[in-house]
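Enquirer: Next come the chains, spelled out residue by residue.
2 protein chains.
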Amino acid sequence: MPHDVTVLTERDLRGIVALDLATVAVVGKAFAALASGKVVMPPILSMAIPEANGEVDVKTAYIPGFEGFAIKVSPGFFDNPKLGLPSLNGLMILFSAKTGLVQALLLDNGYLTDIRTAAAGGVAAKHLAPQRVETAGVIGTGAQARLQIAAALLMRPIKRVLVWGRDAGKSAACALDLASQHGIDAEPVDDPARLVAESQLVITTTPAEQPVLKAEWLHPGLHVTAMGSDQAGKNEIDPKALAAADLYACDRVSQCEKLGELRSAIEAGLWNKGTPPELGDIVAGKKPGRTSEDQVTICDLTGTGAQDTAIATFAMQRARTAGAGSVIST
Amino acid sequence: MPHDVTVLTERDLRGIVALDLATVAVVGKAFAALASGKVVMPPILSMAIPEANGEVDVKTAYIPGFEGFAIKVSPGFFDNPKLGLPSLNGLMILFSAKTGLVQALLLDNGYLTDIRTAAAGGVAAKHLAPQRVETAGVIGTGAQARLQIAAALLMRPIKRVLVWGRDAGKSAACALDLASQHGIDAEPVDDPARLVAESQLVITTTPAEQPVLKAEWLHPGLHVTAMGSDQAGKNEIDPKALAAADLYACDRVSQCEKLGELRSAIEAGLWNKGTPPELGDIVAGKKPGRTSEDQVTICDLTGTGAQDTAIATFAMQRARTAGAGSVIST
Chain W
39 MPHDVTVLTE RDLRGIVALD LATVAVVGKA FAALASGKVV MPPILSMAIP EANGEVDVKT
99 AYIPGFEGFA IKVSPGFFDN PKLGLPSLNG LMILFSAKTG LVQALLLDNG YLTDIRTAAA
159 GGVAAKHLAP QRVETAGVIG TGAQARLQIA AALLMRPIKR VLVWGRDAGK SAACALDLAS
219 QHGIDAEPVD DPARLVAESQ LVITTTPAEQ PVLKAEWLHP GLHVTAMGSD QAGKNEIDPK
279 ALAAADLYAC DRVSQCEKLG ELRSAIEAGL WNKGTPPELG DIVAGKKPGR TSEDQVTICD
339 LTGTGAQDTA IATFAMQRAR TAGAGSVIST
Chain B
39 MPHDVTVLTE RDLRGIVALD LATVAVVGKA FAALASGKVV MPPILSMAIP EANGEVDVKT
99 AYIPGFEGFA IKVSPGFFDN PKLGLPSLNG LMILFSAKTG LVQALLLDNG YLTDIRTAAA
159 GGVAAKHLAP QRVETAGVIG TGAQARLQIA AALLMRPIKR VLVWGRDAGK SAACALDLAS
219 QHGIDAEPVD DPARLVAESQ LVITTTPAEQ PVLKAEWLHP GLHVTAMGSD QAGKNEIDPK
279 ALAAADLYAC DRVSQCEKLG ELRSAIEAGL WNKGTPPELG DIVAGKKPGR TSEDQVTICD
339 LTGTGAQDTA IATFAMQRAR TAGAGSVIST
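Residue numbers (this note's numbering), protein chains in the order written: chain W, 39 to 368; chain B, 39 to 368.
The shape of chain W in the complex, shown without the other chains (with noise of 0.2 angstroms):
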């Protein structure tokens, strides 16, 4: 039946969301959300389109409370650059909860992806990392390097960040950029195991197929968040570090053991401990976080439906308050 779409392009939604203590905020309350148990999201869509090096996944949640819900399409084609286009792009697609209605069209290339992956991290920070980090610290030198250090800043009262990529040039370019952004101490290093020595927290934001942090340098008073691995195949963290951390928590158990690093650590074997918390379980208050300053812990993101359905909700109510988009007539 013909109704009214809200359609937001990247340019409206940058005008309206960013990568605030409100979006963490949201974030947040979706994870609590899934602590809850009556959150619907089934598992990722996933189609590979070899002859193009590309692929596309699709993921949703239902989450009882949130007037609407998002179902996200993200294309990555790995050979656009040679284009000169982006690998990653997308949409997300807002649906009334109640009538199955479409809502609204966000044409946000990936914005609120990155935003709301961001966001996850800032959640993590803040239920895990110990509330002294002096020193963070990034590993991989993207977009994500860049956003990921972006939520910690406002999580933790952070003076100075280390950056390690395989290229010294991005990593020397990222810090740089870090450094003008948030008018911070932000240096390149060339051994990440001396970024990890000297951080309170490290993030990990790689496709790395092979590990890039090892279980040798974990140290007291340290939190690792390891966002890179979103698919089977993917592992930034030494299998073995997982079970010898104090705690290790998942994004969602049913992503991670397939697609995170807990698949790497099951495996490899070397995952012992049971079913791990969830974040969400955490932030809920249902399961312990970080009960001190020196335990080592470790939040492994894969990226959930339900950030979708919360950063598309969201930017909806803010669009209506803003006056934002444009609407068409189906």
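Wrong hints could be hidden among the right ones.
The list treats identical chains as interchangeable, and a pair is accepted whether it falls inside one copy or across any two copies.
In silico DSS-like links for lysine-lysine, alpha-carbon gap of 25 angstroms or less [as the list claims (entries may be wrong)]:
hint	residue 1	residue 2
1	Lys120	Lys136
2	Lys272	Lys136
3	Lys311	Lys272
4	Lys76	Lys136
5	Lys164	Lys325
6	Lys120	Lys208
7	Lys252	Lys272
If you're looking for bench data, these hints aren't it; they were derived computationally from the structure.
Start from chain W and add chain B according to the hints.
Expert: Frame of chain W; chain B shown alone:
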């Protein structure tokens, strides 16, 4: 990255895509491609929203040779009629198969799904119905009852249509619509056994959970297309009928064994003929279809993402030619 996206509304789409021979040919091409083994078609993503008596399905497929792939989202919210809204809605998104960029938003409110579903019935009739179909019967009285008969009329010189549904008033209304729309003899019947006995082509279009067509009604020279079952729990055709027919074909075996008539036959222990052929195998000439006018054939349609990709790509081509739709710069 910001780029141009074509937006086609239901009205735009109704102006450029109809249920005609060209549409049936495009959907037939998609089935033939399925038989090539080169199509990538992941399992359907399905999410139930019990609090709103709703569900949402997401389908997709990549077909080599088609310039785009569609992601189709179909919400079904079955309390909507109480609110004066239709139960079924949805949209399709067309992506470039080369870059993954969004090419078009097809805000069809389910129109293209209706058309591609009926077109699949046309493909089945073309390849499996006897050449001589004087009388066609339809079981069910909704939108697909009308559209499936329209598709059958494109394929066979049908002179008379019989309609049966549980509600005699709806059967009469459906027959009246068919007669006036196509200028044919169409009449409601009060006995589905008589409908089958007098027809050479029968299409079942119901959400039945108990068979509406009995195995003992099968007769030489009959083709049955069962298009209602698309979920575990639905069942239109007596499970005994599948093995009793000379030929039983699926639109997609992996779907029919979970969501179609084949599921009921397997669960009842009444399927003993191994892996059935797919409609695409028959379209592509890789497996035999009907080989004599006297055979009994059954085709089980659950609806495939390949049909969605085919119709969305076709609609976009038509839109370009017609200059239809509007453009949004994301």
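Enquirer: Which hints, by number, does the structure contradict?
Expert: No hint contradicted; all consistent.
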